[in-house]
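**Student:** Here are the chains, one letter per residue:
There are 2 protein chains.
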Amino acid sequence: MATFMDVHEGFVGVTAEDFKAAHEADLRIEAEEGVHFEKAWLDPVSGKAFCISTGPDKEAVMRVHERAGHPTAEVYEVPIEV
Amino acid sequence: MATFMDVHEGFVGVTAEDFKAAHEADLRIEAEEGVHFEKAWLDPVSGKAFCISTGPDKEAVMRVHERAGHPTAEVYEVPIEV
Chain A
3 MATFMDVHEG
13 FVGVTAEDFK
23 AAHEADLRIE
33 AEEGVHFEKA
43 WLDPVSGKAF
53 CISTGPDKEA
63 VMRVHERAGH
73 PTAEVYEVPI
83 EV
Chain B
3 MATFMDVHEG
13 FVGVTAEDFK
23 AAHEADLRIE
33 AEEGVHFEKA
43 WLDPVSGKAF
53 CISTGPDKEA
63 VMRVHERAGH
73 PTAEVYEVPI
83 EV
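Protein chains in written order, with my numbering: chain A, 3 to 84; chain B, 3 to 84.
Calculated directly from the structure, the hints in this document are not laboratory data. Treat each hint with caution, since some may be false.
When chains are identical, the list treats them as one kind, so a pair holds in a single copy or across two.
[Said to hold, decoys possible] The list that follows gives simulated cross-link-like pairs (lysine-lysine, DSS-like), each with its CA atoms no further than 27 Å apart:
{"id": "1", "residue 1": "60", "residue 2": "22"}
{"id": "2", "residue 1": "60", "residue 2": "41"}
{"id": "3", "residue 1": "22", "residue 2": "41"}
Using the sequences and the hints, build the whole thing.
**Tutor:** In structure tokens, the structure reads:
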């Protein structure tokens with residue numbers, strides 16, 4: 003199991019409620035890919051969002067986001083954390 | 003007090019030990035700027051690092067990183083988290 007940080011763009015003006023709904027869409031299907039999204043942060047001004055997750059590989063993380071309707075190709079495996 | 007995610011590039015091949023030392027350099031001076039770095043993640047393959055912090059503003063976060071020797075201009079205020 004590895005840890006991943008992924009980055010989304012284009013979430014400009016997204017509300018806390020909508021962001022929560024997007025995160026919950028991930029949570030509903032993540033188990034099917036062996037992924038768990040631990041936390042996500044949003045800057046609604048720049049539209050950048052960041053998610054930290056655990057899972058088997060980068061592709062599994064991407065599949066969950068894609069199936070939930072908010073795909074991103076920017077996923078980093080982050081084996082080192084402090 | 004606000005929450006920030008910042009992104010660094012160029013940490014290719016950095017070890018866990020060196021990353022910890024860089025984080026500790028932030029921790030030693032952060033109080034002078036009213037900042038606290040909670041956690042940081044590193045992908046030593048792409049060289050991307052991510053730090054989550056709290057502080058008064060983006061500029062204070064940037065000053066700590068700059069004084070600690072690893073400046074970045076990529077700092078996002080993330081008022082929404084799930």
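**Student:** Looking at the structure, which of the earlier hints fail to hold?
**Tutor:** Result: no hint breaks.
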